[in-house]
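Asks: The hints should help you fit chain A onto chain X, whose structure is shown.
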Amino acid sequence: MKTLYIVILLNNSLDLFLMQSILQQILENQFINELIHNYSVAHLVLHGLMLFFIIYLLSMRPFKPRPNDTLNPREEEELIKEWKPVPLAPKMSRNELRNAANPITITKSNSTNNVVSVNGKDNVLCMSRTNYLGLLSDPRLNEVAERTIRKYGVGSCGPRGFYGSIDVHLSLEKRLTQFMRAPQTIVYSSGYATITSAIPAFSKIGDIIIADAGLSHPVQVGITLSRSRVHYFKHNDVSDLARILEQIAQKEEEDLKNGKGKLVRKFVVLEGIYFNSGDIAPLPQVMALKERYKFRVMLEESHSIGVIGRTGRGICEHYGIDVNDIEVICASLGHAFAAGGGFCCGADAVVNHQRLNALGFVFSASLPPFHATTAETAVNILDQDPKLLSKLSNNCAMAYEAFNNLPGFRVIGSPISPILHLRLEKTTGTRDDDDDLLEMIVMKSLDRGLLISRSKYVDGEKYLPEPSIRLCINSTMTERDIQFTLETIKDVSLNLLQN
Amino acid sequence: MTHMRRNSTTDDFQINRNESWMHSQSFWVVYIIGLLLFKLIISIVFPDYQYGWLVVTVIHAIITWFAFHWQKGIPFDLSDQGKYNRLTLWEQIDKGQQYTPTRKFLTLVPIFLFMITLHSNGILGAPFYLNALASFIVVLSKMPRMDRVRLFGINKY
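Protein chains in written order, with the UniProt record's numbering: chain X, 1 to 499; chain A, 1 to 157.
Here chain X stands alone, though its shape is the one from the complex (with noise of 0.2 angstroms):
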């Protein structure tokens, strides 16, 4: 009680008649009665120090006892003799390493009969370009690339919607659209970033996409992108895609009946040809679909574009679809065309929307200029000369029947497509090892003079293809090119597919 009434006396400083007062109303007030009745001295005794502090510690000044955080040279020492250096790159996993281990570099290259220099090496045959019509250092192509650069340099300023828009872009752009008869194109200054862009401009969060599971890297970086829910349907099988498309729509009626239903967007992607198979897409049977389920068809053409249908307009012509059926066709100009960067084809609003909304399109610098005139000489090219298709589609039919008959291997891809995979016929057990014994073929048939490439693939792909070799045709290549590449892939396998 006394600490009590000290308190009061401090806080309040009042006189001493007050104090009096104060306190006899404390010491009749009931609670206070009952408190000093129940309680002991001790228990006083603590709630008093308590209050005191209390009292101490609200009066306190704030003050910092450490005016800087510098360390003294013991705890610098101690610092630094825990300090242990995280590796700059991380480690590098079995597959990267391998992939890195044997580095390729072709000095010398003639497209004419698919000779290079690789490594010092000379006169060795090149079967792993993606030249498919032989346009690769065209003399055409290279007087027309030598007349741009006298004029325009090699860089174009900036971005296409920045002072980076020139003719040549508009010319190609105008060529393409006649080219692919379609309502409106849209070049992009990389193959690579076309797809991956043009993906996420259309599929949003909440969006669906329906994916083929084989579809190459760049396709399956523009969905990541895209953020959207995604399914993945078994390469090449339509009634996997048409029970995938079954089950959308029957959540979408069971959430329209729930009142909770929204509305989507919904994409079917698709390859072409198949860069990591080399199979063909089965158009037909996916737009046959397509009235019944309501979706959206996304082709990637890279590598069909300037290799299939009778003019060489792709897939679309191969099976005779019109390609306003087909809302978004993309394609590198890489490939068959020998130039760089890609394209994209639709109705005027899918391009329009991509020039403010495709992130490829609007945040880097525009094609080339003599990327563009190269790209738009060899669609001329190939309109004036369709015997390079002929030549093409023949010489994909011979390699597709000559690599039959290889011993040890299975051929994937089709007899109409530029690019095939020698799969193992025997798996040695592991991803891993199958991997180093196809680089070792590959390397042992860069001794004997012919370059060919293992398909590389990116660590965690969701669905990784089988190990493979895989070789691109193209149509300057003759039976004895391809004659060779089978005997020589035959006797550097023999032993080494034996043990």
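Because the hints were derived from the structure by calculation, they are not lab data. Some clues are possibly wrong.
Said to hold, decoys possible - Simulated pairs of lysine-lysine, DSSO-like, Cα-Cα distance not exceeding 27 angstroms: (1) A:K156 <-> X:K84; (2) X:K81 <-> A:K72; (3) X:K456 <-> X:K490.
Replies: Leaving out everything else, chain A in the frame of chain X:
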């Protein structure tokens, strides 16, 4: 009682988000309401349980002791470049300034809890010792003298 930073060195513009939220008085109110709610729940679930406040005090002491005096560094936002890696949350408050309003408030809470428990559970037997020990450890850890002190090198790194 608003939290003010008078010494404007460049350092003062870098807000440590690990502790900055504690200065708001709405947080203080929420804190007190939370404690009362906790006691209310105990009273509702076990109406005849006489050590309700003791449970509140001890659990509060355990949680706050681990949160304030055991955990070090900043669990998110690595932009401090390890500056706070060796400081507990308590030592980070107000950049180490002692007896600031926030610190005073956070010290008063366990003291009042001790007093309330003392009032309701008395001064005899195990409940009192438990109460006293829990409160003593929590309050002692908050004293300026204990700033950056690691007893016996425990939890030093």
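Asks: Looking back at the hints listed earlier, which ones does the structure fail to meet?
Replies: Every hint satisfied by this model.
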